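Chemist: Going down the list, the sequences are from chains W and V.
So for the first sequence, the working numbering puts the first residue at 1; every next one is plus one.
So for the second sequence, the working numbering puts the first residue at 348; every next one is plus one.
Source of the hints: derived by calculation from the structure; they are not laboratory data.
Owing to the predicted nature of the structure, the values given are computational and were not obtained by experimental measurement.
Treat the hints with care, since some could be wrong.
[As the list claims (entries may be wrong)] Mimicking SDA-like on lysine to any residue, the simulated pairs with C-alpha atoms at most 20 Å apart in a straight line are: (1) V:LYS395 with W:GLU9; (2) W:LYS220 with V:ASP582; (3) W:LYS318 with W:ASN226; (4) W:LYS220 with V:ALA397; (5) W:LYS220 with V:TRP547; (6) W:LYS220 with V:GLU438; (7) V:LYS453 with V:TRP547; (8) V:LYS453 with W:HIS87; (9) V:LYS440 with W:LYS318; (10) V:LYS453 with W:LYS298; (11) W:LYS220 with V:PRO447; (12) W:LYS6 with W:ALA23; (13) V:LYS551 with W:ASP164; (14) W:LYS298 with W:PRO50; (15) W:LYS220 with V:LYS551; (16) V:LYS440 with V:ALA581; (17) V:LYS440 with W:GLY219; (18) W:LYS298 with W:PRO346; (19) V:LYS440 with W:PRO221; (20) V:LYS454 with W:ILE89; (21) V:LYS551 with W:LYS318; (22) V:LYS454 with W:ARG163; (23) V:LYS440 with W:PRO346; (24) V:LYS395 with V:ASP582; (25) V:LYS454 with V:ARG475; (26) W:LYS80 with W:GLN152; (27) V:LYS440 with V:LYS551; (28) W:LYS220 with V:ARG407.
[What the hints assert, rightly or not] What the simulated footprint calls covered on chain W by chain V, stretch by stretch (three residues with Cβ under 8 Å from a Cβ of chain V suffice, anywhere in the stretch; the number is not a length): (29) 149-161; (30) 208-216.
[As the list claims (entries may be wrong)] Coverage of chain V stretches by chain W, computed from C-beta distances (three or more under 8 Å per stretch; other residues unrestricted): (31) 372-384; (32) 431-445; (33) 449-455; (34) 462-472; (35) 525-531.
All C-beta atoms, glycine included, are put in the ideal place defined by N, C-alpha and C.
Residues per chain, in single letters:
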Amino acid sequence: MDLNLKPAETFRGNFSAQNSEAAIRRFPFPFPDDLYMYSVNMEPHERGGPTAAYDAIFDLDEHYLGECADRAQVLADDPKRCQVMPHLIDAEWDTLELLMESLATDYPAQFTLTRNGDAWHWINRPLALDQRFTFGDAASLPCPPFEYITRQVQGDFTLQDQRDNDLFIEGGMVTSQADWSLNFDAGMSFRQWHGPVPLAHEAGVFDRALAYLLRLQLGKPVRRLNWTLTVNPRLDTSPENYPKWGPDRTTVTPENVGHKLCLRVELQTLTRLPRSNGILFGIRCYLIRLEELVRVEKWARRLHRVLRDLHPDLAAYKGMPRYRPIIVDYLAAFDDGAPTSPGTGPD
Amino acid sequence: MRLRIAEITVLSPGIRKFTLEPLAGLLPAAGAGAHLVFDIPGATRVHKNAYSLIGGPQARTQYEIIVRRVEPSRGGSAWLHEHARIGDILEAKTPQNLFPLAHLAKKHLLLSAGIGITPFLAFARVMRTPFEWHHCSRAEDSAAFAALLPPGPQVTLHTSRNTLNLAAVLGTQPLGTHLYVCGPELFNETVQTMARALGWPESKIHTESFASAAGGAPFIVHLARSGQRLEVAADQTLLEAIEAAGIAAPYLCRGGACGACELPLLQGTPEHRDHVLSPEQRAANKSLMVCVSRARTPDLVLDF
Ligand code: FES
Numbered sequence: 001m002d003l004n005l006k007p008a009e010t011f012r013g014n015f016s017a018q019n020s021e022a023a024i025r026r027f028p029f030p031f032p033d034d035l036y037m038y039s040v041n042m043e044p045h046e047r048g049g050p051t052a053a054y055d056a057i058f059d060l061d062e063h064y065l066g067e068c069a070d071r072a073q074v075l076a077d078d079p080k081r082c083q084v085m086p087h088l089i090d091a092e093w094d095t096l097e098l099l100m101e102s103l104a105t106d107y108p109a110q111f112t113l114t115r116n117g118d119a120w121h122w123i124n125r126p127l128a129l130d131q132r133f134t135f136g137d138a139a140s141l142p143c144p145p146f147e148y149i150t151r152q153v154q155g156d157f158t159l160q161d162q163r164d165n166d167l168f169i170e171g172g173m174v175t176s177q178a179d180w181s182l183n184f185d186a187g188m189s190f191r192q193w194h195g196p197v198p199l200a201h202e203a204g205v206f207d208r209a210l211a212y213l214l215r216l217q218l219g220k221p222v223r224r225l226n227w228t229l230t231v232n233p234r235l236d237t238s239p240e241n242y243p244k245w246g247p248d249r250t251t252v253t254p255e256n257v258g259h260k261l262c263l264r265v266e267l268q269t270l271t272r273l274p275r276s277n278g279i280l281f282g283i284r285c286y287l288i289r290l291e292e293l294v295r296v297e298k299w300a301r302r303l304h305r306v307l308r309d310l311h312p313d314l315a316a317y318k319g320m321p322r323y324r325p326i327i328v329d330y331l332a333a334f335d336d337g338a339p340t341s342p343g344t345g346p347d
Numbered sequence: 348m349r350l351r352i353a354e355i356t357v358l359s360p361g362i363r364k365f366t367l368e369p370l371a372g373l374l375p376a377a378g379a380g381a382h383l384v385f386d387i388p389g390a391t392r393v394h395k396n397a398y399s400l401i402g403g404p405q406a407r408t409q410y411e412i413i414v415r416r417v418e419p420s421r422g423g424s425a426w427l428h429e430h431a432r433i434g435d436i437l438e439a440k441t442p443q444n445l446f447p448l449a450h451l452a453k454k455h456l457l458l459s460a461g462i463g464i465t466p467f468l469a470f471a472r473v474m475r476t477p478f479e480w481h482h483c484s485r486a487e488d489s490a491a492f493a494a495l496l497p498p499g500p501q502v503t504l505h506t507s508r509n510t511l512n513l514a515a516v517l518g519t520q521p522l523g524t525h526l527y528v529c530g531p532e533l534f535n536e537t538v539q540t541m542a543r544a545l546g547w548p549e550s551k552i553h554t555e556s557f558a559s560a561a562g563g564a565p566f567i568v569h570l571a572r573s574g575q576r577l578e579v580a581a582d583q584t585l586l587e588a589i590e591a592a593g594i595a596a597p598y599l600c601r602g603g604a605c606g607a608c609e610l611p612l613l614q615g616t617p618e619h620r621d622h623v624l625s626p627e628q629r630a631a632n633k634s635l636m637v638c639v640s641r642a643r644t645p646d647l648v649l650d651f
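Next comes chain W alone, as it looks inside the complex:
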């Protein structure tokens, strides 16, 4: 698969991150309709979809170097952003194996995995890593296996143990989250974790989702999309760092909204892990500035309608009451009222 990496851009400070024309076209736009409703929008995660973001099992794009650097910085400031409970050691190795195999298959020019029994050899050319290690022996890697591999992949990951008909978040690498915290959530059950979402409970959405996930099969991963809005392309909008990013929200004006405001989409994947029987939850974050998004006419029209007509409770949950009119006004200029085509891909 083609993968053209940009030199590292920043997702903090001066926010140099931009999407190229190709990156815009591959954005996983999340709205299948002009009206947004919360639902169990899970589907099998197979290679291929409305845009190229669905072509790999774990998608990498032009921002790879910048995102890996941002993660390294977050971990240097706060090592607790990566933690795994000791009883999930099998799940750590499951994750390492899954990610290495997927990357080496989808991006052979960048990654190579060679193995001879338990003697493994991993090459990551973009990050200039060349590592020989013994699968199953954590001492043979420079850091624990889950941390080792998730430092080399875009997107956050959590590990869920399954027991007593529930899932428990007991590990994760979480450095680019939309306002939730691993430290606070680790050890929580699926129900507790999803507690705060409005409306969803009324529809029994989470009971259904949980029942489905408990039966998630090996070799049959699933995916769903989630979305929110973020001011500036900032990956790390954690509760711990609220003082750093919270004030950004007051800086949105009609003049700068197109440049500053980003649609933040998470391509979430859920994969059953073989040895541990746990579930790996991947949360791959994509940020696109409104001024970039409106270059796809269909998306501009639809996003305008979705945000204009959003249910007030969901609008509050997505954290946008204050500047929503500014966004809707900005997008209105790109909506001529023409019907939008089915599906989420660009026309």
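Start from chain W and add chain V with the ligand according to the hints.
Modeler: Relative to the frame of chain W, chain V with the ligand by itself:
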């Protein structure tokens, strides 16, 4: 996934071990407790049999299963015993694990009988927590099982009914012990009933089951709009039957959770297996989720 029979080992007149290997590349990893469903040719139809994998979790190059010849033969095991040859190729599904070890257990208590030994052979290879294993066998199979069981004081082979004092074993376990039971139906029931009577919580009792969402009695479905009549086989879902007829039906999760595959029902009574419809909606008998649900009546008529 296609697997080649690489080795057949006769363990006793009625018990054989099969070693299976991929035609190319590596096999999907499978954890202790996982089972494999594969297609076994039969005289009149293909049998889908499930067997526990006995190999350790590192086994990416081969799977091992142990097959007892079932009397009277149900087909699959007889073919494996009489006709299977080294080099034969079998079609299999990706292994699934419905019998995993509990990671937070302080101790594991394994109770097996007969061919129920198989998942525990995989367990024993990956144990990091103290365990105690009692295996019960008929006298004629005891030599075969003795050779398979790992050595050590934590493993006991019982060849007569009377040497396993179930009440004593179940009644003297430390707090935090998880119980795993695998054997013939009667054995499983006896052990579970006694465990419950002794106060074991349900969350600490585990039994193997191969039950799959797809399985059930065959039935007929009529698609009213296209006038088609389809047979839904025992090992096929209604959704798969519709797709096999070349008709595209809506779906997302294929697991009864999302509601995308709901189709309106005109006649018949479904056996609902989804997590979407409420009891009231089920009672209304107006629709079903075709990815998992089946029929209680011989026929269903769908408005589709
Ligand atoms: S496809 Fe989701 S419920 Fe059937």
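Chemist: All the hints need checking, so say for each whether the structure fits it.
Modeler: Against the structure, the hints come out as follows:
1. For the hint pairing LYS395 of chain V with GLU9 of chain W, the CA-to-CA distance comes to about 54 Å; that exceeds 20 Å, so the pair is violated.
2. As the CA atoms of LYS220 of chain W and ASP582 of chain V are separated by approximately 18 Å, the hinted pair is consistent with the 20 Å bound.
3. Proximity of LYS318 of chain W to ASN226 of chain W is assessed by CA-CA distance (about 11 Å); at most 20 Å being required, the pair is judged to hold.
4. Distance restraint check for LYS220 of chain W and ALA397 of chain V: the Cα-Cα separation of roughly 19 Å lies within the 20 Å cut-off, and the hinted pair is therefore satisfied.
5. Distance hint between LYS220 of chain W and TRP547 of chain V is unfulfilled; the C-alpha atoms sit about 34 Å from each other, more than 20 Å.
6. Of the pairs offered as hints, the one joining LYS220 of chain W and GLU438 of chain V holds, with about 18 Å between alpha carbons and a cut-off of 20 Å not exceeded.
7. A threshold of 20 Å between alpha carbons decides the hint, and for LYS453 of chain V with TRP547 of chain V the separation of about 15 Å falls inside it, so the pair holds.
8. Of the supplied pair hints, the one linking LYS453 of chain V and HIS87 of chain W holds, its CA atoms being roughly 11 Å apart against a limit of 20 Å.
9. Only pairs whose Cα atoms come within 20 Å are accepted, and LYS440 of chain V paired with LYS318 of chain W is rejected, the gap being roughly 41 Å.
10. Taken as a hint, the LYS453 of chain V and LYS298 of chain W pair is broken in the structure, with Cα atoms around 57 Å apart against an allowance of 20 Å.
11. Between LYS220 of chain W and PRO447 of chain V the CA atoms are separated by roughly 18 Å; this keeps the pair inside 20 Å, and the hint holds.
12. Of the supplied pair hints, the one linking LYS6 of chain W and ALA23 of chain W holds, its CA atoms being roughly 11 Å apart against a limit of 20 Å.
13. Simply put, LYS551 of chain V and ASP164 of chain W have alpha-carbon atoms about 9 Å apart, close enough for the 20 Å limit, and the pair holds.
14. Distance restraint check for LYS298 of chain W and PRO50 of chain W: the Cα-Cα separation of roughly 14 Å lies within the 20 Å cut-off, and the hinted pair is therefore satisfied.
15. Between LYS220 of chain W and LYS551 of chain V the CA atoms are separated by roughly 28 Å; this puts the pair beyond 20 Å, and the hint is violated.
16. For the proposed pair LYS440 of chain V and ALA581 of chain V, the alpha carbon gap of about 16 Å is at most 20 Å, so the pair holds.
17. Taken as a hint, the LYS440 of chain V and GLY219 of chain W pair is honoured in the structure, with Cα atoms around 10 Å apart against an allowance of 20 Å.
18. Between the alpha carbons of LYS298 of chain W and PRO346 of chain W the distance comes to roughly 7 Å, so the proposed pair stays at or under 20 Å and holds.
19. With a CA separation close to 15 Å, the supplied pair LYS440 of chain V and PRO221 of chain W stays within the 20 Å bound.
20. Restraint check: the Cα-Cα separation between LYS454 of chain V and ILE89 of chain W comes to about 18 Å, which is no more than 20 Å; the hinted pair holds.
21. Proximity of LYS551 of chain V to LYS318 of chain W is assessed by CA-CA distance (about 40 Å); at most 20 Å being required, the pair is judged violated.
22. In summary, the hint linking LYS454 of chain V to ARG163 of chain W is supported, as the alpha carbons are separated by about 16 Å, within the 20 Å threshold.
23. Distance restraint check for LYS440 of chain V and PRO346 of chain W: the Cα-Cα separation of roughly 36 Å exceeds the 20 Å cut-off, and the hinted pair is therefore not satisfied.
24. Annotation: proposed proximity of LYS395 of chain V to ASP582 of chain V holds, straight-line Cα distance about 8 Å (limit 20 Å).
25. Between LYS454 of chain V and ARG475 of chain V the alpha-carbon distance is near 10 Å, which keeps this suggested pair within the 20 Å criterion.
26. The straight-line distance between the Cα atoms of LYS80 of chain W and GLN152 of chain W is roughly 17 Å, inside the 20 Å bound, and the hint therefore holds.
27. For the given pair, LYS440 of chain V sits about 29 Å from LYS551 of chain V by alpha-carbon distance, which is inconsistent with the 20 Å threshold.
28. The suggested pairing of LYS220 of chain W with ARG407 of chain V holds, with an alpha-carbon distance near 18 Å, which does not exceed 20 Å.
29. With a cut-off of 8 Å between beta carbons, the stretch 149-161 of chain W has 1 residues touching chain V; three or more are needed, and the interface restraint is violated.
30. Coverage of a stretch by a chain is defined here by at least three residues with a beta carbon nearer than 8 Å to that chain's beta carbons; for the stretch 208-216 of chain W and chain V the count is 6, and the condition holds.
31. For the stretch 372-384 of chain V, the assignment as covered by chain W holds, since 7 residues bring a beta-carbon within under 8 Å of that chain's beta-carbons and 3 suffice.
32. Against chain W, the stretch 431-445 of chain V contributes 4 residues with a C-beta closer than 8 Å to a partner C-beta. That satisfies the three-residue criterion, and the hint holds.
33. Figure legend: the stretch 449-455 of chain V, annotated as covered by chain W; annotation consistent (3 residues with Cβ-Cβ distances under 8 Å, at least 3 required).
34. Chain W is given as covering the stretch 462-472 of chain V, and this is violated because 0 residues of the stretch bring a CB closer than 8 Å to a CB of that chain, at least three being needed.
35. Check result for the stretch 525-531 of chain V against chain W: violated, 0 residues qualifying (beta carbon to beta carbon below 8 Å, three or more required).
Comparing the model with each numbered hint stated earlier shows that hints 1, 5, 9, 10, 15, 21, 23, 27, 29, 34 and 35 do not hold.
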